[in-house]
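From first to last, the protein sequence lines stand for chains L and F. Under my numbering, the first residue of the first sequence is numbered 122, with each subsequent residue one higher. Under my numbering, the first residue of the second sequence is numbered 92, with each subsequent residue one higher.
Hints in this document: simulated from the structure, not taken from any laboratory. In this text the structure is predicted, and so the values were computed from the model without any measurement. Fair warning: there could be bad hints in the mix.
Pairwise CB distance ranges (calculated) [what the hints assert, rightly or not]:
1) Leu322/F - Glu173/L: 45 to 51 Å
2) Ser272/F - Gln454/L: 57 to 63 Å
3) Asp230/L - Leu325/F: 19 to 25 Å
In silico lysine-lysine, DSBU-like type, Cα no more than 35 Å apart, as pairs [stated by the list, open to error]:
4) Lys446/L - Lys287/F
5) Lys152/L - Lys356/F
6) Lys287/F - Lys199/L
7) Lys152/L - Lys237/F
8) Lys152/L - Lys287/F
9) Lys436/F - Lys199/L
To give an idea of the chain L side of the interface with chain F (calculated C-beta under 10 Å), a few residues [unchecked claim]:
10) Ser153
11) Val155
12) Lys334
13) Glu505
14) Ala510
From the three backbone atoms N, C-alpha and C, an ideal C-beta is built for every residue, glycine too.
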Amino acid sequence: MVIRQGIIWLSFLTILLSCDNKSTVEPRQEKSFVKIYGSETRNEAVDLIYNESEEEMIILARAFEVGFSGSRDIMIIKTDANGNNSNYFFTNTTNVDENPVQMALVGSDLYIAGTLENNEEIDMMLARFSLNTNTFLWINAYGEPGKDESAFSIDVTSGQIILAGSAEDSIDIDDDQNLDIFGTVKNVRIIDPEGNEILESPRKNSGFVKDIKRFNANVYHSLSQEIDPVTGEVNVQIDVGLFDGNFGTGYAPQLSGNDFPVNLIRLDSKIIALGYRSDRVDDPQQSNGTFLLVAAYDPINGNLISSSSRTILEGFETLDIIPSKMVQVETDQFLILGNANDNSIRLIKFIDTGNDYQFLWNNVFGSFRPSDETATVLAIQNNEYYFNATIFFQSEDFTKIALFKTDENGRLDF
Amino acid sequence: MLFFAGGILFSINTYGQDICSQNLESAQRQFDEGRFYNVESLISECLRDGFTKQERINALELLALTKLYLDEMDKADSVYLDLLRQDPEHKVNELVDPPDLIFLHNNFRTTPVFYWSIIGGINFTNALVIHEYSAFDNTLTNEQYKARLGFEGGLSIEFNVYKDLYIGGGLVYNRKNFFFSDEAVFESKERSDGYKISYIESNNFISLPIIAKYTVSKDKIRPYFYGGISLNLLLFSNQNDLGKISPIGEDLIEISSRNISSYRKPVNLSGVLGIGAMIKSSGLSLLALDLKIEPGLTIINRESRRYADQGIVIQNGIVNDAMRINSISLSVRFVRPFYNPKLKKIN
C-alpha cells in the first residue's frame, strides 16, 4: 500500500517536472532594474519624465528610419514604474527630420523641444503630445527662412512655453555701427500653449542657451555658452545670466578654457550650474574636468549678486566625466549623471556642505562601449533614482534605449 | 607428477566431504529420533573442516536447535551467532521451522548495520521561476524553460537505526541542465520586431543528501522508499550554447559558454524523495533501480548580483529570473550491505 502510494506520488511529480515550464509569474515591484526598449532601427535616448498622476515613466527618444539612417522621428515610450507595459508612439513623418532634445509635462500634455529639418530648412521644433489620446496634436517649426535655429531647452512653468537655444545669424558686434558677422547667437522664444509664437529674443548675443529656468513673469535665469564674435576664436565660456527679452544683465564671472554648459538648478537664493571643460574644441567628448558654477541672486528681482566656480570632478578617480544632467535629490544633495572616459555610465551623488562639495558615491553602469551615452536622471519618491541612456545593443548601429532604476544608494544590486 | 598429486588431493577432499555429508545426515536422524546428545559429536569435526558452505549452515542450524532442546541456551546463542556470521541473511521459515528456532533467530540482529552504494544515473532538471526578471518589458517577453538531460554519480552510506529504518548520507556529483529561451519584442512604427535568446544552463553540484530510508522487504526484491534533504555545493555553473540575440526567424548564432558561477549561490538546499528496489545480484551484493525527485528549496541565484555583469545585461538582454531548480533522476546503484549479527539487548 505504501509502495503503491509512493509510486503514484512520484509519477505525478515526474509528470510535473517533465512538462515545459513557461514562466507565468507576475513580476514584483523591483527595487532596481535595467530595461531595454527600442524600435527595429537605431534609437537614442533623450529625456525622461515621471508622470506622477498616472505613475508612469515617459521616455523621449529619437528613432531613425528603417535602415539605421535617414531622418529621425520622435519616439515616446510609456511604461509603468517597473518599466513594464510599454507603449510606443512615433511621429511617423516622412522626409522630415525631428530631433527632440527635451520635454516638459503640462497637465496631460507633453511639450517636446528640439529641431526640425524639412527640405534643408532647420528650425526650432515644438511638438505637443497628448498623454490621454496618445497622439501628437501638432508639430511646429519656428525660425526664419534660410537661418538655422535650434532649441536645447524648454521651460513651461509660466504657463507659456519657453524655447531656448541658438540661431545661426549675423551678430552685431559694434552696437549698430554696421559691423556684423555671421555666427551663432542665443535665441529664445515664448510660445503659447497652442503653439502660437508670442516673442523672440533679439539676435545679438553670441553663443547659445543650454538651459533656462523661469524666475518670475519676465525674468529667466539661463545657462549659456558664449563665443567671441570678434576674433572668431572659440572662446567657450559659461555664464549664468538673466533673460527678460534682451538677455538682461549680470553675467557670472567667466572661466577660461573651453567650457560646455550642461544644466542649471535654481534653489531659493542661488543657482548651481553644471558644466565641463575640454581642451579639445574639435572633440568635446574629451573632458578635462567637471565644474559647478554657483551664483547667488536677489530673491526679489532675480538679479545676480555674486558668483564663483569650482572644479569638482577633475581627474575624478582618474576618470574625467562628461556630465549630461544634474538634479537635486534632497535639500543639499545632488546627482550627476554622465559618461566617464572609459565609456562607462556614471551616477554620482554629492552633498553641498555650504563650504564644500563632498562626494557620497560614484556608481558605474553600462557595457563600457563607446555608444553608451547618458540622457537624463530623475529622482522620484522613496529616493528611487531612474535614469535613461542610449546603449550599445549587439552592434554600434543598433543602439537602443535603456532605463535604469537604482535604490537610494544608486545601486542595481544589493 | 603435479597433475597426479592434484588428483590425489581432490580425491581426499571429495572423500572428506562425502563423509561429512553422511555425518550430517546421521546427525539429522539422531536429532529426529530424539537422541540430541549424539548430534554434536557427529558434526563437530566437520564443522572445523569438511562441510560445503550450505552443509555448514545446515549443521550449525541443527546444532543450535539441538542446544535449545538440551536447554543449553548460551551455547545455542553462540552456535546461532556463528551461523549468522556464515550466512548473514539466513532466514527462518515460520511455517515449517520449530518455534524455538524462530524465537532464537528473532533474538539476533539480522538487519545490515549499514549499506554502502555506488550510484550512477541520469536526471532531468527544470527551473521553477519564483520571481520573473527581464531586461525587456516583462509583459512582452515570452520566457520558456525546458527540462534537459543531466547525469550524476557518487557514493552513499545508510546506517540502520531501527528495524528496517535507515539514516544515511552521500557524496554525489550531479550535473543539472535546463534550457531557457526568451523573446523580446521591439516596437516599430511599421511592424513589431523581436529578438530571441536561448541557452542551456548547467549547474554542477556536489550534493550531500541526508535521508531516512525504509526498506520494505528482505526478500530477493527489496522495495524501499526514502525522504530527506540535500545540501548542494555548487562546483561551477555555465550557460552553454548561448544563442546570440537575433531577429526572430533567423538562426541563433552560438556565442560561447559563459561561466556564471559567481551569479549563483554556492550552497543550495533541495528536498529528496525517492523510491526504488534492490535486487540480489551475487553474494550479498545488490543492484538497485532508484527513482528520485529533488524539489529545490532555495533560490539558486545570488540576487545581489543580478545586474553585476552589465555587459551581458545591456548588450545581450540577459537578466536571470529568481528560480529554484527541480530534478528527477533515475539511477542504478550497486549496493553492498554490511552485517554484524549479534544478540539483541533483552530488557
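Against the structure, the hints come out as follows:
Distance hint for Leu322/F and Glu173/L: a CB-CB separation of about 48 Å, consistent with the stated range 45 to 51 Å. A hinted range of 57 to 63 Å for the beta carbons of Ser272/F and Gln454/L is inconsistent with their spacing of about 43 Å. With their beta carbons about 53 Å apart, Asp230/L and Leu325/F fall outside the hinted range of 19 to 25 Å. With a C-alpha separation of about 34 Å, the suggested pairing of Lys446/L with Lys287/F holds against the 35 Å cut-off.
Restraint check for Lys152/L and Lys356/F: the C-alpha separation of about 20 Å stays at or below 35 Å, so the hint holds. At roughly 23 Å between alpha-carbon atoms, Lys287/F and Lys199/L fall within 35 Å of each other, so this suggested pair holds. Only pairs whose Cα atoms come within 35 Å are accepted, and Lys152/L paired with Lys237/F is accepted, the gap being roughly 29 Å. In summary, the hint linking Lys152/L to Lys287/F is supported, as the alpha carbons are separated by about 26 Å, within the 35 Å threshold.
For the suggested pair Lys436/F and Lys199/L, the alpha carbons sit about 78 Å apart, so the restraint of at most 35 Å is broken. Satisfaction of the interface hint for Ser153/L is found here, the shortest Cβ-Cβ separation to chain F being roughly 7 Å, below the 10 Å cut-off. Because the beta carbon of Val155/L sits about 5 Å from the nearest beta carbon in chain F, less than 10 Å, this interface hint is met. Checking Lys334/L against chain F by beta carbon gives a least distance of about 33 Å; that is not within 10 Å, so the hint is violated.
Annotation: Glu505/L was flagged as interfacial toward chain F, and the flag is violated, the nearest CB pair being 15 Å apart, outside 10 Å. The criterion of a C-beta within 10 Å of any C-beta in chain F is met by Ala510/L, whose closest approach is roughly 9 Å, and the hint holds.
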